[in-house]
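Residues per chain are reported as follows:
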Amino acid sequence: MKRNTVIGLEIHLQLKTRTKLFCRCSTDYIGATPNTNVCPICLAVPGTLPLLNERAVELAIRMGLGLHCSINDNTRFHRKHYFYADLPKAYQITQYEHAIAVGGYLDINTGGAAKRIRIHHLHLEEDAGKLVHPTSDGRLTGAAYSLVDYNRGGMPLSEIVSEPDISSPAEAVAYIAQVRQLARYLDVSDGEMESGSLRADLNISLSNPDGSLGTRVEIKNVNSLKSAERALEYEISRQNRVLDEGGTLLQETRLWDDASGVTRSMRSKEGVRDYRYYLEMDLAPIAAKPDYVEKIRLGLPEMPWEKRERFAKAYGLSQEESAQLTEQREIADYFEACVAAKAPPSKASNWIRTEVQRMLNERGIGIGDFCVSAQQLGRLIAKIEDKEISNTQAKDALTVMANRGTGLDEALKICGISCGRLTKEELEAAVRKVLAEEPAAAEAVRSGQDKKGSKFKFLMGLVMKETRGSADPAEVAGLLGSLLNG
Amino acid sequence: MEIYRLSAKEIARGVRSGKFSAVEALSAHIARIKECDGTVNAVVTLAEEEAYRRARDIDAMIARNEDPGPLAGVPFLVKDNFCTNGIRTTCCSKMLIDWVPCYDATPVRNMRDAGAVLMGKTNMDEFAMGSTTESSVFGPTLNPRDIGRVPGGSSGGSAAAVAAGYCPIALGSDTGGSIRQPSAFCGVQGMKPSYGQVSRYGIVAYVSSLDQVGPITRNIDDMAAAMDALAKADENDSTCDAYARPSFSRAAAAEGMRGKKIAVLSGFDRSSVDVPLIEAMDRAAGVCRDLGAEIVTADLPITMKHGVACYYMIALGDASSKLACYDGMRYGFHADGKTLSEMYKKSRNLGFGDEVRRRILIGTCVLTRGYYDNYYVPATKVRRMIADEYAALFAEADALICPISPALPYRRGLVEEDPVRIYLGDAFSSTANLAGLPSISLNMGFTPEGLPANIQLMGPRYGDAGLLSIASAIERQVGSPDIADPSAKGGRKQ
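First to last, the protein sequences are chains A and B.
When you number the first sequence by this note's numbering, it's gap-free, plus one each residue, and the end is 486.
When you number the second sequence by this note's numbering, it's gap-free, plus one each residue, and the end is 494.
FYI, nobody ran anything at the bench for these hints, they're computed from the structure.
Quick caveat, the model's predicted, so the values are computed rather than measured.
For each residue, glycine too, the CB sits at the ideal point set by N, CA and C.
This list has only true hints and no planted wrong ones.
Here are the simulated BS3-like pairs of lysine-lysine, each with C-alpha atoms no more than 30 Å apart in a straight line:
#: 1; chain 1: A; residue 1: Lys130; chain 2: B; residue 2: Lys345
#: 2; chain 1: A; residue 1: Lys387; chain 2: A; residue 2: Lys455
#: 3; chain 1: B; residue 1: Lys338; chain 2: A; residue 2: Lys220
#: 4; chain 1: B; residue 1: Lys345; chain 2: A; residue 2: Lys220
If you only want the chain A side, here are some residues facing chain B, beta carbon under 7 Å, derived:
#: 5; residue: Arg79
#: 6; residue: Phe83
#: 7; residue: Asp274
#: 8; residue: Arg276
#: 9; residue: Tyr278
#: 10; residue: Met281
#: 11; residue: Asp282
#: 12; residue: Leu283
#: 13; residue: Ala284
Every beta carbon over 10 Å from chain A, so not counted as near; a handful from chain B, in silico:
#: 14; residue: Glu48
#: 15; residue: Arg112
#: 16; residue: Tyr243
#: 17; residue: Arg250
#: 18; residue: Ile422
All chains should be built: construct the whole structure from the sequences, respecting the hints.
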């Protein structure tokens with residue numbers, strides 16, 4: 001029986017602020033000694049009061065605008081109560097009834113098909129601390145005690161809740177990737193799933209034969225796009241299997257176990273927890289007046305999808321190419337600087353997507369840490385275009401620039417590349433030299449024994465080597481042919 | 001001259017003019033505490049060493065011709081729910097019996113910045129929940145006017161301390177009457193400022209939207225001086241307003257009555273209030289009339305009918321939330337258990353007293369799904385209606401005279417006999433908190449038996465200065481209360 005997959009996502013983005021959401025503690029917690037980024041406020045010491053971080057509000061509004069949401073003025077925080085060791089106040093301050101940003105959408109693209117995913121809302125909330133269980137597998141079961149690190153407690157999060165518009169694992173992945181790209185473009189979040197600055201909770205159900213929604217299962221602990229896809233695929237087949245066998249699904253939260261590739265039941269929502277939500281009176285309403293929101297809107301950069309379209313149109317690139325170049329804003333900027341340095345767009349695109357990308361991958365760095373500037377690469381490509389140097393020479397020069405951090409001119413010198421084309425005389429001298437050194441091959445070609453042309457190619461290669469690749473291959477072939485036949 | 005009998009302004013004047021030193025002023029008050037507190041039990045922690053260090057600093061500043069501030073050398077005490085850096089802050093609960101904060105509450109810092117000298121911490125009902133100061137883990141405070149009676153609560157220690165001459169100014173917190181009712185029971189002056197007037201930062205919370213810090217003094221001048229020190233914007237409390245405060249001292253010194261319209265509360269059962277307290281209201285109205293004010297009567301039907309019920313819904317709901325942090329894990333009383341949940345349950349069961357547990361349970365119930373819509377949500381609506389009713393009244397009148405407590409100080413032990421009567425005792429006081437209004441508990445003299453009779457004076461939101469001016473005008477006519485002598489009066493030590 002065919003059942004439709006219905007997926008809705010809750011994405012938690014850690015906002016790139018310097019300090020936590022309600023206190024002045026540093027947000028730079030990765031690798032920090034446990035419980036050093038803490039203060040009386042985020043430890044819920046009696047008498048303390050939360051203080052709203054204005055920058056977090058600004059970033060949430062930026063993200064909300066990027067998601068085409070409307071921004072609400074005077075929204076409030078609520079308290080969400082539960083007792084647990086990761087939550088010092090025993091309540092989390094979060095937005096409940098009224099979110100700061102509501103009713104937006106995000107367009108995604110899967111395999112060339114565009115689809116609009118509606119955004120229910122984006123709200124602000126604080127993160128909880130982190131529990132560490134000293135067992136070999138890091139799980140609570142069997143631990144004699146647990147440790148808690150409050151460095152993460154109070155970190156600013158914006159939770160983006162989609163409508164259940166996603167109908168396949170591939171769409172879910174495309175959606176997460178699009179949210180991540182937007183967050184990075186807007187400089188709102190690092191959006192790294194591995195380090196947890198982007199966390200996605202996946203809600204999935206299979207529709208009933210009559211079209212009504214089936215039982216919803218929430219999947220947590222998904223740490224990469226790949227595991228999001230695998231978790232959803234696993235869950236679809238698990239749910240189908242249960243239903244096919246005539247079983248019923250529980251409304252529950254399941255944890256994705258990446259190593260075993262399965263989801264496991266974490267807690268049942270049968271007896272839904274009562275969080276006793278109610279208004280946080282220690283904080284005033286969040287001011288987001290229209291003129292303030294407008295100011296933020298005017299400061300927004302070009303959106304990734306706008307850049308993608310513009311690149312395709314303005315530079316005559318394919319959709320695929322411009323998508324690759326605009327994946328990261330820094331790469332897109334690098335490309336444009338390269339073009340500004342007189343590199344033809346299609347060449348610049350090729351060089352960046354192949355050579356530069358390979359070098360970045362080999363080095364495990366981002367474009368920001370790449371020592372070859374866009375201007376230098378642009379000039380290098382322009383030199384190929386002007387036939388001053390060959391492609392091969394350019395690759396050699398780029399390698400030197402990347403390895404030694406030298407400038408373009410220095411790199412050309414190191415490679416022994418003299419700029420400017422070979423003169424006819426220089427080329428002829430090189431060809432004659434090769435023919436003199438390889439009489440056997442030359443004779444084979446002359447006598448017509450080189451049926452496959454391999455000997456000719458061999459001689460071509462030697463000439464190219466002799467000229468350090470600076471010769472035009474077509475010219476070499478012509479000259480070699482005439483000298484052998486002449 | 002006994003320095004402990006002087007007002008705060010007289011002490012500051014004496015210290016600044018070199019008539020006596022801050023150290024002398026301090027030792028006079030400490031001696032008074034030591035003389036009386038064996039009986040009264042108003043002080044739970046005396047921080048003598050820190051106080052003397054601070055007093056010597058003040059004297060050194062005077063010697064260098066520096067200005068230590070308008071409250072130079074004035075000794076003060078604060079309720080034990082104010083965080084004090086390095087001095088234990090217990091809320092008079094087993095839960096926090098050993099807890100020493102690492103920071104000062106903003107009101108404590110503001111008083112120090114004005115030159116005042118903190119001597120220690122005063123007794124209170126556990127976590128400020130109560131009206132008699134009998135639920136303290138340190139034992140009850142006795143009323144220095146009559147030691148057979150309670151001092152009121154929850155700031156009973158602060159009110160008793162000021163009445164007994166331990167200090168001219170003590171700070172309390174008021175959630176539903178906790179400054180004003182004990183001030184009435186102990187025959188001193190107490191003020192709950194408008195919500196948002198004084199920072200709550202560092203006050204161990206009871207109810208976020210109702211708590212407000214205020215001064216207890218023996219006269220309105222000192223109260224205004226304390227308000228000048230206390231009422232300041234605070235970047236650590238976003239509910240504390242950033243507006244520029246007027247000079248409260250100047251307001252108190254101004255001629256405050258001519259042309260004013262003063263409302264007297266009517267429409268309640270006068271027989272439900274002890275006769276001397278009704279007489280005190282009538283007397284206050286008469287004084288205002290004589291000073292040239294127009295007297296009108298005012299009905300507050302919604303407020304009087306639903307106020308207390310609304311107050312307890314709002315207060316206990318929030319209390320259950322603000323007291324959830326006491327889980328015994330990071331600070332405070334801890335009891336071991338096999339699981340996290342068992343540790344929580346044991347720590348909270350053994351750490352909190354009966355009244356606190358009762359209120360947390362009721363509050364949790366009020367916020368629980370199903371009850372929330374039937375109790376909490378209507379209470380928030382009624383709260384708005386009460387605020388509107390007061391706003392309409394204060395659009396017409398400058399101040400309201402009404403009872404603060406329906407009863408003269410209770411005999412000790414009543415809370416065990418008749419707890420509901422004690423809850424209903426908040427009927428007149430708690431609605432000022434619901435509406436965020438300034439309110440003063442003003443002494444109008446004493447009964448022939450020596451029991452104090454205070455009235456309540458309320459004003460419009462942020463009308464604190466105008467209210468002080470009216471209170472001051474009345475006080476000039478009726479006089480301010482003198483120091484109680486706990487060893488002589490009442491006589492019945494228990």
